[in-house]
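Build the full structure now, drawing on both the sequences and the hints.
Chains as they are written, first to last, in the numbering used here: chain H, 11 to 299; chain Y, 11 to 299; chain B, 11 to 299; chain U, 11 to 299.
Since the hints were made in silico from the structure, they are not lab data. Each hint should be verified, as a subset may be incorrect.
If several chains are the same, the list does not tell them apart, and a pair holds so long as it fits within one copy or across any two.
Said to hold, decoys possible - Below 27 Å or equal to it, Euclidean Cα-Cα: the simulated DSS-like pairs (lysine-lysine) are:
| # | residue 1 | residue 2 |
| --- | --- | --- |
| 1 | 231 | 25 |
| 2 | 294 | 277 |
| 3 | 292 | 277 |
| 4 | 153 | 292 |
| 5 | 292 | 231 |
| 6 | 279 | 294 |
| 7 | 135 | 292 |
Every value quoted in this text rests on a predicted model; they were computed, and no experiment measured them.
There are 4 protein chains.
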Amino acid sequence: MERTTIPELEEILGKEVPCLDHGFVRLIDYMGSDESIVQAARVSYGKGTKKVHQNRGLIRYLMRHQHTTPLEMVEFKFHCKLPIFVARQWIRHRTASVNEYSLRYSQALNEFYLPELDVIRKQSKTNRQGRSSETVPEELQQKVFSILERTTQQAWEDYQELEQADIARELARIHLPISLYTEWYWKIDLHNLFHFLKLRLDPTAQYEIRVYAEAIAEIVKIAVPLTWEAFEDYVLYTTNFSRFEMDIIREILTQLPAHINWEELAKSKRLSSREAKEFVDKIKDHRNF
Amino acid sequence: MERTTIPELEEILGKEVPCLDHGFVRLIDYMGSDESIVQAARVSYGKGTKKVHQNRGLIRYLMRHQHTTPLEMVEFKFHCKLPIFVARQWIRHRTASVNEYSLRYSQALNEFYLPELDVIRKQSKTNRQGRSSETVPEELQQKVFSILERTTQQAWEDYQELEQADIARELARIHLPISLYTEWYWKIDLHNLFHFLKLRLDPTAQYEIRVYAEAIAEIVKIAVPLTWEAFEDYVLYTTNFSRFEMDIIREILTQLPAHINWEELAKSKRLSSREAKEFVDKIKDHRNF
Amino acid sequence: MERTTIPELEEILGKEVPCLDHGFVRLIDYMGSDESIVQAARVSYGKGTKKVHQNRGLIRYLMRHQHTTPLEMVEFKFHCKLPIFVARQWIRHRTASVNEYSLRYSQALNEFYLPELDVIRKQSKTNRQGRSSETVPEELQQKVFSILERTTQQAWEDYQELEQADIARELARIHLPISLYTEWYWKIDLHNLFHFLKLRLDPTAQYEIRVYAEAIAEIVKIAVPLTWEAFEDYVLYTTNFSRFEMDIIREILTQLPAHINWEELAKSKRLSSREAKEFVDKIKDHRNF
Amino acid sequence: MERTTIPELEEILGKEVPCLDHGFVRLIDYMGSDESIVQAARVSYGKGTKKVHQNRGLIRYLMRHQHTTPLEMVEFKFHCKLPIFVARQWIRHRTASVNEYSLRYSQALNEFYLPELDVIRKQSKTNRQGRSSETVPEELQQKVFSILERTTQQAWEDYQELEQADIARELARIHLPISLYTEWYWKIDLHNLFHFLKLRLDPTAQYEIRVYAEAIAEIVKIAVPLTWEAFEDYVLYTTNFSRFEMDIIREILTQLPAHINWEELAKSKRLSSREAKEFVDKIKDHRNF
Numbered sequence: 011m012e013r014t015t016i017p018e019l020e021e022i023l024g025k026e027v028p029c030l031d032h033g034f035v036r037l038i039d040y041m042g043s044d045e046s047i048v049q050a051a052r053v054s055y056g057k058g059t060k061k062v063h064q065n066r067g068l069i070r071y072l073m074r075h076q077h078t079t080p081l082e083m084v085e086f087k088f089h090c091k092l093p094i095f096v097a098r099q100w101i102r103h104r105t106a107s108v109n110e111y112s113l114r115y116s117q118a119l120n121e122f123y124l125p126e127l128d129v130i131r132k133q134s135k136t137n138r139q140g141r142s143s144e145t146v147p148e149e150l151q152q153k154v155f156s157i158l159e160r161t162t163q164q165a166w167e168d169y170q171e172l173e174q175a176d177i178a179r180e181l182a183r184i185h186l187p188i189s190l191y192t193e194w195y196w197k198i199d200l201h202n203l204f205h206f207l208k209l210r211l212d213p214t215a216q217y218e219i220r221v222y223a224e225a226i227a228e229i230v231k232i233a234v235p236l237t238w239e240a241f242e243d244y245v246l247y248t249t250n251f252s253r254f255e256m257d258i259i260r261e262i263l264t265q266l267p268a269h270i271n272w273e274e275l276a277k278s279k280r281l282s283s284r285e286a287k288e289f290v291d292k293i294k295d296h297r298n299f
Numbered sequence: 011m012e013r014t015t016i017p018e019l020e021e022i023l024g025k026e027v028p029c030l031d032h033g034f035v036r037l038i039d040y041m042g043s044d045e046s047i048v049q050a051a052r053v054s055y056g057k058g059t060k061k062v063h064q065n066r067g068l069i070r071y072l073m074r075h076q077h078t079t080p081l082e083m084v085e086f087k088f089h090c091k092l093p094i095f096v097a098r099q100w101i102r103h104r105t106a107s108v109n110e111y112s113l114r115y116s117q118a119l120n121e122f123y124l125p126e127l128d129v130i131r132k133q134s135k136t137n138r139q140g141r142s143s144e145t146v147p148e149e150l151q152q153k154v155f156s157i158l159e160r161t162t163q164q165a166w167e168d169y170q171e172l173e174q175a176d177i178a179r180e181l182a183r184i185h186l187p188i189s190l191y192t193e194w195y196w197k198i199d200l201h202n203l204f205h206f207l208k209l210r211l212d213p214t215a216q217y218e219i220r221v222y223a224e225a226i227a228e229i230v231k232i233a234v235p236l237t238w239e240a241f242e243d244y245v246l247y248t249t250n251f252s253r254f255e256m257d258i259i260r261e262i263l264t265q266l267p268a269h270i271n272w273e274e275l276a277k278s279k280r281l282s283s284r285e286a287k288e289f290v291d292k293i294k295d296h297r298n299f
Numbered sequence: 011m012e013r014t015t016i017p018e019l020e021e022i023l024g025k026e027v028p029c030l031d032h033g034f035v036r037l038i039d040y041m042g043s044d045e046s047i048v049q050a051a052r053v054s055y056g057k058g059t060k061k062v063h064q065n066r067g068l069i070r071y072l073m074r075h076q077h078t079t080p081l082e083m084v085e086f087k088f089h090c091k092l093p094i095f096v097a098r099q100w101i102r103h104r105t106a107s108v109n110e111y112s113l114r115y116s117q118a119l120n121e122f123y124l125p126e127l128d129v130i131r132k133q134s135k136t137n138r139q140g141r142s143s144e145t146v147p148e149e150l151q152q153k154v155f156s157i158l159e160r161t162t163q164q165a166w167e168d169y170q171e172l173e174q175a176d177i178a179r180e181l182a183r184i185h186l187p188i189s190l191y192t193e194w195y196w197k198i199d200l201h202n203l204f205h206f207l208k209l210r211l212d213p214t215a216q217y218e219i220r221v222y223a224e225a226i227a228e229i230v231k232i233a234v235p236l237t238w239e240a241f242e243d244y245v246l247y248t249t250n251f252s253r254f255e256m257d258i259i260r261e262i263l264t265q266l267p268a269h270i271n272w273e274e275l276a277k278s279k280r281l282s283s284r285e286a287k288e289f290v291d292k293i294k295d296h297r298n299f
Numbered sequence: 011m012e013r014t015t016i017p018e019l020e021e022i023l024g025k026e027v028p029c030l031d032h033g034f035v036r037l038i039d040y041m042g043s044d045e046s047i048v049q050a051a052r053v054s055y056g057k058g059t060k061k062v063h064q065n066r067g068l069i070r071y072l073m074r075h076q077h078t079t080p081l082e083m084v085e086f087k088f089h090c091k092l093p094i095f096v097a098r099q100w101i102r103h104r105t106a107s108v109n110e111y112s113l114r115y116s117q118a119l120n121e122f123y124l125p126e127l128d129v130i131r132k133q134s135k136t137n138r139q140g141r142s143s144e145t146v147p148e149e150l151q152q153k154v155f156s157i158l159e160r161t162t163q164q165a166w167e168d169y170q171e172l173e174q175a176d177i178a179r180e181l182a183r184i185h186l187p188i189s190l191y192t193e194w195y196w197k198i199d200l201h202n203l204f205h206f207l208k209l210r211l212d213p214t215a216q217y218e219i220r221v222y223a224e225a226i227a228e229i230v231k232i233a234v235p236l237t238w239e240a241f242e243d244y245v246l247y248t249t250n251f252s253r254f255e256m257d258i259i260r261e262i263l264t265q266l267p268a269h270i271n272w273e274e275l276a277k278s279k280r281l282s283s284r285e286a287k288e289f290v291d292k293i294k295d296h297r298n299f
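Shown next as structure tokens:
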């Protein structure tokens, strides 16, 4: 018996995917594959299911029904370089293992995040936590950039002065800005990684962490293509309607001609017959809650 | 300052809610309330938001957008008595604290779960993991009941014989059936409890654990009425459509008269104007992914 | 039945314990007590143990033998105000719930940590991660203080300028130093809190987080006095010897007069007879591994 | 760049290590090695530490000082077959991923644990949770064995009868004994695996789970030999003394000749000079708490 190996991953192992001005993500190690998810799912389903479900179908079934424990059987380890303010959002995902560069032990490096002019925006009026989709005058962009640059360089010079005076590193760093780059190893299983990606690929996530989420998504897509496809179809790009919203939709649908054959329609649109049936159950409210 | 107290909960504290033939659930202790969730959410939103969001609106907003960390601020501790096979499903929810009665230290009691005749069913043809919705002849029900009763009583007599021979308790118990009742204290926060309830209130959950989930749901409803309402509307009774299913729905909707004002319709059905706008975005696919 | 209440805690509920120059810790809510730990432990031990163990003895037994699951039955919720660099160390304790003030939603306040002159030290020569125990000349202290003060005030002025230009808050903050104060609600169970305290009360922990650990320790001591005492005796102030170190100790002890009665000696020093026996087993290596 | 590979592990991958009468443990997949732990530790320590610490020394330092986060970078996945009562103890280790054979989906197999005659013992008089070290008469062993065998075979026959009547599998199984074998995939990182092993290799752990812990320990020893050695020396075979016990030891040591050079003694017994210094600090109570 041999370990699961993904040849396409071996090629990109260790290669830096650049993120922002000085950051990167690189895959360092991994365990498992689409096949491992199938294997773990089948121990629950027992003998004789191999013929019934093909791998892709089984993975899609798991994802559609939120049977996510088999996803935990796949693990990724990344090496990341990222600004502290991004690290602070990222670390809130608790179900991961982290080893971070420590400024108590080691000297800081002169690397701070400075945004590209184009992503310098005003506060959004509609989204209290984000930035506006409108660009701002170049003059203002330049001014903001200058302020950020001046401030970080001053902080860096002060840090060097404190270092030269041999002040304890754990103190000499406390005035450094949260745009300073840090590094870490980050290890996480696929179930929890999908949760991270769902939140951090979202358009409302801060641009600077989204850049990292997108870099990781590209790697995961290569690693587990079948599971990634199912994740997009049944998790990432789904639409969830509340109880009241469904009332509206169902009321509207009664205005449609009665003879619409939803099940046939569904099958004509790439849904398997099992999915088509589930779809009709949802539309017609045949589920028993 | 005083601890959050929920007078309605104080009245039911410690009272057993019977479950199955010998089991129960009872609330032993709790921390927090609807108010604690609001308080935790507001530390993120900062000064000045108090007037903007009323409590109910804020809680509904959190639930609709899966901002679930404030839910972790509420904690419940239950005392439960349940058959081992139910305990085995239950314990798979890992983010909880458990102290269970141990048969290594203590003697087993003569309490085994025997199903009521009516819930003895055949294997479902459509749901590989469940039982059929059709009842079976009373004669068969009786026969099954007799087998289960005979078998558990034999196991109990054997256990007593081994106990009398002073065989180590950790060994004397190994032939006891998984229908034996056990007891535990179970402590969990509201976020993780909602996850448990979503899975275990589902019609596909095994009947015997659903009984416990329903008993707990009744208690939670009393404890955090606003949050429970939002949980029902935005989590428990929602409908999730895959990318392809939405394609079908959107195509069908193009066959409707163009002049339907979805936003007005939504407002006429109890949706707030903010929700109505979100609803239209979902229907029209205005979200930018 | 009523909730466990600790009258001594009710008195300090909500009161700020000042930490560093602008920070604080205050207990907001709690669940459980020494009594809850005993209750949870007894469900494992079953009927009839009540007379055998008194509460204090049972708690000490649990702590001595690392039976820590009953400790999870006690929960505390704190409101803390702390510098970002302290928050970054603190958040590494993953088994807790956190809601933090967000600078994406809310404006920063003009509050930065500036160390008292006396704690400004040089890098330790013996401890690569810490600061020296020797004081530095007052002149150097003043100089360091001035640098830190100047730098944070510059950052604050720049922040205000960016705010006035209505730059998105999530960007306007990125040059703010990690000495900026943040706030959060932090909820954790006693088992995990003890782990936090063991690490952060340690003399090698950074001074600025130790201040918070000490404030929390004082509160816990009031909340669960019996458990705290056992924590000090059997966890916090214990000494752990490696296999080889024990070889040395045992060899040295052979040089002592043979007639030393270790068990009697132990009993004369406050150890219970059970503990005295355990002590002799450890010294004489009577454990069977 | 290539994934960490451990040639010695590749040879045993997938091979069953028999446990009890029908059970086994086999390693299915893994990620990381001693080298990965060193790599993760060094990101914290930064540039320039490579020469100072050799790998073995660094790993021993980490283990001695409970810097366990780098251990989380190593992951193992096992396939196990084990009796339900063992699974029930095992699953209490929550920080692992599990996919278990489900008797709701699949038929039970006729495999039950029956103890070898020699491990059938009476209840221990000194250890309330365990079995006695004394053997019992062969006649009693035979009698116990017969009872267990008879009872499990009766349960099996009843199960078959219920299966033939097509009773729902989730019900037909409820009278099966906890000695029934189940199977699962179990994935865990090295830090949490060490915690599992420390508890389950302990002489007070139930014999039947200890058998599995020992099988896993043999595999881990091959996988990460340097880390395993450090685990034995600094965790598994250590001796922990309470505050009061240390008072006794220190008092006794004052009776020894004053001229004992503890540091030299330590060095003569395989301790590094750093460890020797730490040892003296512990003996003389030079640590500052």
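Comparing the hints with the structure gives:
Taking identical chains as interchangeable, the C-alpha atoms of residue 231 and residue 25 lie at most 27 Å apart only when both belong to the same chain, with a minimum of 16 Å there against 31 Å between chains. In this assembly of identical chains, residue 294 and residue 277 lie within 27 Å of each other by CA distance both inside one copy and across copies; the values are 16 Å within and 23 Å between. Taking identical chains as interchangeable, the C-alpha atoms of residue 292 and residue 277 lie at most 27 Å apart whether they share a chain (15 Å) or sit on different chains (23 Å). In this homomeric assembly, residue 153 and residue 292 never come within 27 Å of each other (Cα to Cα): the closest approach is 54 Å inside a single copy and 38 Å across copies.
Only between protomers do residue 292 and residue 231 lie at most 27 Å apart by alpha-carbon distance; the minimum there is 26 Å, versus 29 Å within a single protomer. In the homo-oligomer, the alpha carbons of residue 279 and residue 294 lie at most 27 Å apart both inside one protomer (18 Å) and across protomers (19 Å), since each shortest distance falls under that limit. Taking the shortest alpha-carbon separations for residue 135 and residue 292, only the inter-copy value of 20 Å comes in at or below 27 Å, while the best intra-copy value is 36 Å.
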